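Top line first, the protein sequences correspond to chains A and B. For what it's worth, the working numbering labels the leading residue of the first sequence as 1, then goes sequentially. For what it's worth, the working numbering labels the leading residue of the second sequence as 130, then goes sequentially.
Source of the hints: derived by calculation from the structure; they are not laboratory data. Certain hints may be false.
What the hints assert, rightly or not - In silico PhoX-like pairs for lysine-lysine, Cα to Cα no more than 25 Å straight-line: (1) B:399 to A:4; (2) A:4 to B:555; (3) A:99 to B:639; (4) B:473 to A:2; (5) B:656 to B:681.
Stated by the list, open to error - A short list of chain A residues far from chain B (calculated; beta carbon distances all over 12 Å): (6) 37; (7) 39; (8) 49; (9) 50; (10) 71; (11) 101.
These numbers come from a predicted model, not from an experiment. Virtual Cβ for every residue (Gly too), placed ideally from N, Cα, C.
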Amino acid sequence: MKAKTIVVGVIIVGFIIFGAYSFLQSNVEYTNFPQAERSGKKVQVAGNWVKDRDSYFDPKTDSFVFYMKDTDDNTMKVVLDGAKPNNFEIATGVVVKGKCENGAFHATEALTKCPSKYEAKSIKEMKAS
Amino acid sequence: MAGTWAVRIAFAAALFSSVAYYMTLRAKKAEWARAARLSFLVAAAGVILASAMLLIDILTHQFQYTYVWSYSSTDLSTPLLISTFYAGQEGSFLLWALYTAIIGLVLMSYSRKKGIELQVMTVFALVQAVLLLLVVVKNPFEYVWQSFAGEAQAGSVPENGRGLNPLLQNFWMVIHPPILFTGFAAMSVPFAFAVAGLWRREYQAWITSAAPWMLFAVVTLGAGIMLGGYWAYETLGWGGYWGWDPVENSSFIPWLFAVGAVHTMLAQRKTGRYIRSTFVLSILGFLLVLYSTFLTRSGVLGETSVHSFGEPGMGVYALLVGLIVLFTAIGFIAYFNRVKEIPKPAGQRSYWSREFMLYLGAMILIALGLYVLVGTSAPLITGFFQPKPSAVDISFYPKGAVPLSIIMSLLIAISQLIWWQRSEPKVVVRSMIYPAGAAVLATVALLPFGLNQIAPILVVFGAFFGLFANLVAGYRIFRGNPRYVGGALAHIGVGVMLLGFVGSSQYDTKQTISLPQGETVEALGYKLTYLGNHPIEGEKFAFDVKVEREGKSYTLAPVMFYSEYNKGIMRNPDIAMRATYDFYIEPQSLEQPQQSDPGTQLVLKKGETKEVAGYRVTFVDFQVDRSAMMAGDPMGTRMPPISAKLLVERAGKSETVVPSFKILQGGNAEAVPAWTADRAGEFQILTLQPDREKPEKSSVTLAVRTGAQPAPSQTRETLIIEASVKPFVGFVWLGTLVLICGVIVSIIRRAKEARQQ
Numbered sequence: 001m002k003a004k005t006i007v008v009g010v011i012i013v014g015f016i017i018f019g020a021y022s023f024l025q026s027n028v029e030y031t032n033f034p035q036a037e038r039s040g041k042k043v044q045v046a047g048n049w050v051k052d053r054d055s056y057f058d059p060k061t062d063s064f065v066f067y068m069k070d071t072d073d074n075t076m077k078v079v080l081d082g083a084k085p086n087n088f089e090i091a092t093g094v095v096v097k098g099k100c101e102n103g104a105f106h107a108t109e110a111l112t113k114c115p116s117k118y119e120a121k122s123i124k125e126m127k128a129s
Numbered sequence: 130m131a132g133t134w135a136v137r138i139a140f141a142a143a144l145f146s147s148v149a150y151y152m153t154l155r156a157k158k159a160e161w162a163r164a165a166r167l168s169f170l171v172a173a174a175g176v177i178l179a180s181a182m183l184l185i186d187i188l189t190h191q192f193q194y195t196y197v198w199s200y201s202s203t204d205l206s207t208p209l210l211i212s213t214f215y216a217g218q219e220g221s222f223l224l225w226a227l228y229t230a231i232i233g234l235v236l237m238s239y240s241r242k243k244g245i246e247l248q249v250m251t252v253f254a255l256v257q258a259v260l261l262l263l264v265v266v267k268n269p270f271e272y273v274w275q276s277f278a279g280e281a282q283a284g285s286v287p288e289n290g291r292g293l294n295p296l297l298q299n300f301w302m303v304i305h306p307p308i309l310f311t312g313f314a315a316m317s318v319p320f321a322f323a324v325a326g327l328w329r330r331e332y333q334a335w336i337t338s339a340a341p342w343m344l345f346a347v348v349t350l351g352a353g354i355m356l357g358g359y360w361a362y363e364t365l366g367w368g369g370y371w372g373w374d375p376v377e378n379s380s381f382i383p384w385l386f387a388v389g390a391v392h393t394m395l396a397q398r399k400t401g402r403y404i405r406s407t408f409v410l411s412i413l414g415f416l417l418v419l420y421s422t423f424l425t426r427s428g429v430l431g432e433t434s435v436h437s438f439g440e441p442g443m444g445v446y447a448l449l450v451g452l453i454v455l456f457t458a459i460g461f462i463a464y465f466n467r468v469k470e471i472p473k474p475a476g477q478r479s480y481w482s483r484e485f486m487l488y489l490g491a492m493i494l495i496a497l498g499l500y501v502l503v504g505t506s507a508p509l510i511t512g513f514f515q516p517k518p519s520a521v522d523i524s525f526y527p528k529g530a531v532p533l534s535i536i537m538s539l540l541i542a543i544s545q546l547i548w549w550q551r552s553e554p555k556v557v558v559r560s561m562i563y564p565a566g567a568a569v570l571a572t573v574a575l576l577p578f579g580l581n582q583i584a585p586i587l588v589v590f591g592a593f594f595g596l597f598a599n600l601v602a603g604y605r606i607f608r609g610n611p612r613y614v615g616g617a618l619a620h621i622g623v624g625v626m627l628l629g630f631v632g633s634s635q636y637d638t639k640q641t642i643s644l645p646q647g648e649t650v651e652a653l654g655y656k657l658t659y660l661g662n663h664p665i666e667g668e669k670f671a672f673d674v675k676v677e678r679e680g681k682s683y684t685l686a687p688v689m690f691y692s693e694y695n696k697g698i699m700r701n702p703d704i705a706m707r708a709t710y711d712f713y714i715e716p717q718s719l720e721q722p723q724q725s726d727p728g729t730q731l732v733l734k735k736g737e738t739k740e741v742a743g744y745r746v747t748f749v750d751f752q753v754d755r756s757a758m759m760a761g762d763p764m765g766t767r768m769p770p771i772s773a774k775l776l777v778e779r780a781g782k783s784e785t786v787v788p789s790f791k792i793l794q795g796g797n798a799e800a801v802p803a804w805t806a807d808r809a810g811e812f813q814i815l816t817l818q819p820d821r822e823k824p825e826k827s828s829v830t831l832a833v834r835t836g837a838q839p840a841p842s843q844t845r846e847t848l849i850i851e852a853s854v855k856p857f858v859g860f861v862w863l864g865t866l867v868l869i870c871g872v873i874v875s876i877i878r879r880a881k882e883a884r885q886q
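Whole structure, please, built from the sequences with the hints as guidance.
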């Protein structure tokens, strides 16, 4: 009975440690560009697209390049894998996930936050559009 | 108005029914039982009536109701109109309540025959009441003037609704949510049986009664989940069938617990063991349905997921939390009050027994469920430690799912080869030789095809082992009694699915490719040529990509279109489905040629001729694409595609050049330049000034570029795609179908057993 309890306990504790470890590893924290540059870890940065700097699709690397200002007003060049994200022009904010490499933020994923679109705020808006 | 009251009356009746059932037990008077049954019938009638009214309101376009106005419009086909019933939160809660009511009607007579009606229905009517309370709070019968007080006048009816999100406008929307919600509703039945079992101190009998219901929940929830996956894969172009998204996880977690419960139920039936686990899993399965609903419906994940959940308001948030607390209390107070009384079976437990393997299998499923649960709840957990909550990266999920599915597949194999109660280790090992040997051979045979990493090798071996063991066992069972083949069949399906998972996720090769129009690009062993695009269904554009491989060629046509509803570009992939792999093309964007040379500007009235850069240019007339005009105004602009017919003369040679304004993305008109035949001169429209009343006054502003001939690839439009080869993805669907068939066979068997009880 004792031996059984120990075995079961070890398995459960082991699984919990494993789960906690991979959770911490996979938890992609929010930060700003200077911190992302220092740590070099995979992070998320929230901010806005700097519309007056140039943005373009680079067919050589198949990536979309733009400049982004984080919530602490640090601007950095972002190289996003793939094409320009949906709703990029009308987004009220952009969140990029990735890491800093060679002075640019290399993003694997970008999330655009849009003005509430599924829930009607006002019936007048609807009539106007 | 009548709908609102139907829901309110149904809520009151369901609540009263629960109380009356409880009072029957307390006061032991038959009048209470009659009142309880009658009021449950009233509640069910109320829900059915309210649902019918909502459906009629939708079909007859009663846009004075905010819900109807929010999700439907006059241009939807009838099946899609019906599907707007559950397009929003209010309607999906009503649908859930409706299914619960229908199940409740069946359950009332079913539990009465088993003599456990009073306890079962006390709990079940309470579930019904609480779901209806959600519909009372999130009322689909609210008028627009109530929702938008001060903006809309009382009694005013909007002309048309906002319409259904184009993402949802397809066949899958018609069938996926109803099946999923049937599963959600069915999960409350085993919960009610478990609580009734504890209440009545009948710790064994309830399991036989609950088993077919649990299997029914497993098959409906499972089919719903995989339909959602197929939808994402085939239409939405998420690149895969499973993205570990909170919405997907939130139905997957309760499903895992339900499957776990099915296994402990079977062990209990054969040996009388694992009763406590069965209680806990049956209770947890239902609580997790509620918790998942809370995660996806309360707005707590709003900041961290791609899905838009909307803001339901504090009322629903508090209500959902209250709901979870209430049923957790009911389930676990009942359990902990009785846990010491639950009988422990006599005799030594053997680890070399099928029931122990089933138990281990259930525990692995639960471990996976908890692992996914923790990951999905990350925004709640990290909110305590970080200034801003964040979600886990999806790489978190396979880290746990892969090792657990290896163990699971081994258990799937072993439990078919081992006997109940006690087996001789030697006999078990001997019976494993053939299936294990065949699995080794099959795995080794795949090694030359790139199977070279340890984790996938183990999963593939496990999947083959489970598959072969169940094929052998299934064949034997089938010859004995075909009705008992459900378990083996389901596990064959799981083995096939696992092979599909490994192939399609681990050996998926993916590449973003730029395809300049007319230029052949080689990628992933395919020759791809973007031929051009053409409009389909009026407002959408299909992008023809010629695919060549090993001398065979075919055309795939992924679709992109601008959606005014979403204010963005919608993309639908196109897939070449083959027996052993899928070739998948997902469109990303269409890049217009970059122009650095501004060229010479030229303003021309209709019929006017001017000379520029050595060309005599005459503006003949505008040409309007009538077909696009017929389709109405899908782009949200007031302008159909338009082009300018130009007569261009140089050195005595004249030709017609037609640059155009193409309306494709973002509702913006984009200028598509046209060239002279020798590509020496390029003409691009800068602005148009059409004059409807005096067409002769219409004019066009052109940019004319000559001289340096730009490289063709820079002057043509370029389609950006993400192409991928997904090996064995078809096995996922095939495995799912086999699994579903297996569970259905099991339901028939267990329902018969429950009847004979």
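Verification of the hints:
no. : hint           : result
1   : B:399 to A:4   : 24 Å, holds
2   : A:4 to B:555   : 23 Å, holds
3   : A:99 to B:639  : 21 Å, holds
4   : B:473 to A:2   : 19 Å, holds
5   : B:656 to B:681 : 10 Å, holds
6   : 37             : 19 Å, holds
7   : 39             : 15 Å, holds
8   : 49             : 15 Å, holds
9   : 50             : 19 Å, holds
10  : 71             : 10 Å, violated
11  : 101            : 18 Å, holds
In this structure, the one hint that does not hold is number 10.
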